[in-house]
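J.: Sequence:
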Amino acid sequence: MNYPSLVLYLLLLPVVSTFTPLGCASSAPRLVSLRAEKTAIVGAGCFWSPQEHFAKLPGVKEAVSGYCGDAKRKSPPSYASVSSGVTDFVEAVQISYDPSLITYEDLLKEFESVNDSAPNSKRQYKGVIFIQDEEEEEIAKNFVKPNVAIEPATKFWKAEGYHQNYWPKWKLRLPVFLLLLVGSGNPGELMPEVAQQAFFYLYLAALVAAVIERKIDNKVE
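Going letter by letter, the sequence shown gives residues 1 to 221 in full-length UniProt numbering.
The set of hints was computed from the structure by calculation and includes no laboratory data. Keep in mind it's a predicted model, so treat the numbers as computed, not measured. In this text, a Cβ means the ideal position worked out from N, Cα and C, and glycines have one as well. Worth double-checking, as some hints may not be accurate.
[Stated by the list, open to error] List time: in silico DSS-like cross-link candidates among lysine-lysine, alpha-carbon distance up to 30 Å: (1) Lys169 with Lys141; (2) Lys219 with Lys61; (3) Lys155 with Lys61; (4) Lys141 with Lys61; (5) Lys109 with Lys61; (6) Lys56 with Lys169; (7) Lys56 with Lys109; (8) Lys155 with Lys219; (9) Lys122 with Lys109; (10) Lys109 with Lys141; (11) Lys158 with Lys56; (12) Lys38 with Lys56; (13) Lys155 with Lys38; (14) Lys38 with Lys158; (15) Lys109 with Lys155; (16) Lys145 with Lys219; (17) Lys141 with Lys219; (18) Lys158 with Lys169; (19) Lys74 with Lys61; (20) Lys155 with Lys56; (21) Lys158 with Lys109; (22) Lys122 with Lys158; (23) Lys145 with Lys61; (24) Lys74 with Lys38; (25) Lys145 with Lys109; (26) Lys155 with Lys141; (27) Lys145 with Lys155; (28) Lys72 with Lys169; (29) Lys56 with Lys122; (30) Lys122 with Lys219; (31) Lys219 with Lys74; (32) Lys74 with Lys155; (33) Lys141 with Lys74; (34) Lys158 with Lys61.
[Unchecked claim] The following label-pair restraints were derived from C-beta to C-beta distances: (35) Ala80 with Thr103: 33 to 43 Å; (36) Ile216 with Glu134: 14 to 24 Å; (37) Gly59 with Gly85: 27 to 37 Å; (38) Ser83 with Thr103: 15 to 25 Å; (39) Glu221 with Ala36: 37 to 47 Å; (40) Ser83 with Pro119: 18 to 28 Å.
Let the sequences and hints guide you as you build the complete structure.
T.: This is the structure:
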């Protein structure tokens with residue numbers, strides 16, 4: 001594989017890997033956990049960083065970026081509608097966890113460490129602990145601060161696919177984007193013109209791939 005092809009492969013891999021070919025979803029056996037799994041929902045500012053943080057914790061099975069907090073809304077929102085302020089949704093993370101390995105209180109301690117909301121943050125980025133029962137409410141009361149509120153959990157809508165695992169994907173992409181940008185500028189005229197053109201077109205392809213991802217992986221569920 002030549003160098004331009006390798007760069008393009010690295011750029012497109014995170015996009016392609018988010019899709020499952022038809023017929024593959026049920027081709028492999030699934031392991032069923034015998035442990036009782038629970039969920040927690042929190043809003044801690046922009047959901048990209050908290051989602052990555054919670055997903056790495058021992059005992060956490062999955063962390064999903066999404067929207068929560070609008071009890072009146074019965075249809076799925078979009079990132080654009082949430083950002084515009086026409087809804088009461090908060091960017092939130094739904095955490096599926098094994099309570100025998102990590103407790104709800106442990107998760108809220110982690111929430112404190114990643115919550116970057118402010119008391120005057122817009123609704124979209126509010127710090128919120130979405131409680132689902134009385135037990136969660138009693139624990140959550142110990143974490144109320146000027147920038148943290150407690151609210152009953154409403155339906156959680158899983159955000160668009162391009163928001164899922166956002167930082168892990170872009171931590172790979174950004175260095176490649178930077179490399180292509182620098183290469184297309186041909187600093188110091190160290191590369192032949194054909195190499196400069198290759199970098200430029202690969203950079204454009206990378207931008208197009210990022211735009212396409214947002215267009216085709218935008219389902220909220």
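J.: For each hint, tell me whether it holds in the structure or not.
T.: Now for the hints, and whether the structure bears them out:
no., hint, result
1, Lys169 with Lys141, "violated, 35 Å"
2, Lys219 with Lys61, "holds, 22 Å"
3, Lys155 with Lys61, "holds, 20 Å"
4, Lys141 with Lys61, "holds, 25 Å"
5, Lys109 with Lys61, "holds, 18 Å"
6, Lys56 with Lys169, "holds, 15 Å"
7, Lys56 with Lys109, "holds, 15 Å"
8, Lys155 with Lys219, "holds, 16 Å"
9, Lys122 with Lys109, "holds, 23 Å"
10, Lys109 with Lys141, "holds, 12 Å"
11, Lys158 with Lys56, "holds, 19 Å"
12, Lys38 with Lys56, "holds, 17 Å"
13, Lys155 with Lys38, "holds, 16 Å"
14, Lys38 with Lys158, "holds, 17 Å"
15, Lys109 with Lys155, "holds, 24 Å"
16, Lys145 with Lys219, "violated, 34 Å"
17, Lys141 with Lys219, "violated, 34 Å"
18, Lys158 with Lys169, "holds, 18 Å"
19, Lys74 with Lys61, "holds, 28 Å"
20, Lys155 with Lys56, "holds, 24 Å"
21, Lys158 with Lys109, "holds, 23 Å"
22, Lys122 with Lys158, "holds, 20 Å"
23, Lys145 with Lys61, "holds, 28 Å"
24, Lys74 with Lys38, "holds, 24 Å"
25, Lys145 with Lys109, "holds, 13 Å"
26, Lys155 with Lys141, "holds, 22 Å"
27, Lys145 with Lys155, "holds, 24 Å"
28, Lys72 with Lys169, "violated, 33 Å"
29, Lys56 with Lys122, "holds, 28 Å"
30, Lys122 with Lys219, "holds, 24 Å"
31, Lys219 with Lys74, "holds, 16 Å"
32, Lys74 with Lys155, "holds, 9 Å"
33, Lys141 with Lys74, "holds, 28 Å"
34, Lys158 with Lys61, "holds, 16 Å"
35, Ala80 with Thr103: 33 to 43 Å, "holds, 36 Å"
36, Ile216 with Glu134: 14 to 24 Å, "violated, 42 Å"
37, Gly59 with Gly85: 27 to 37 Å, "holds, 35 Å"
38, Ser83 with Thr103: 15 to 25 Å, "violated, 33 Å"
39, Glu221 with Ala36: 37 to 47 Å, "violated, 24 Å"
40, Ser83 with Pro119: 18 to 28 Å, "holds, 20 Å"
Violated hints for the displayed structure, listed by number in ascending order: 1, 16, 17, 28, 36, 38, 39.
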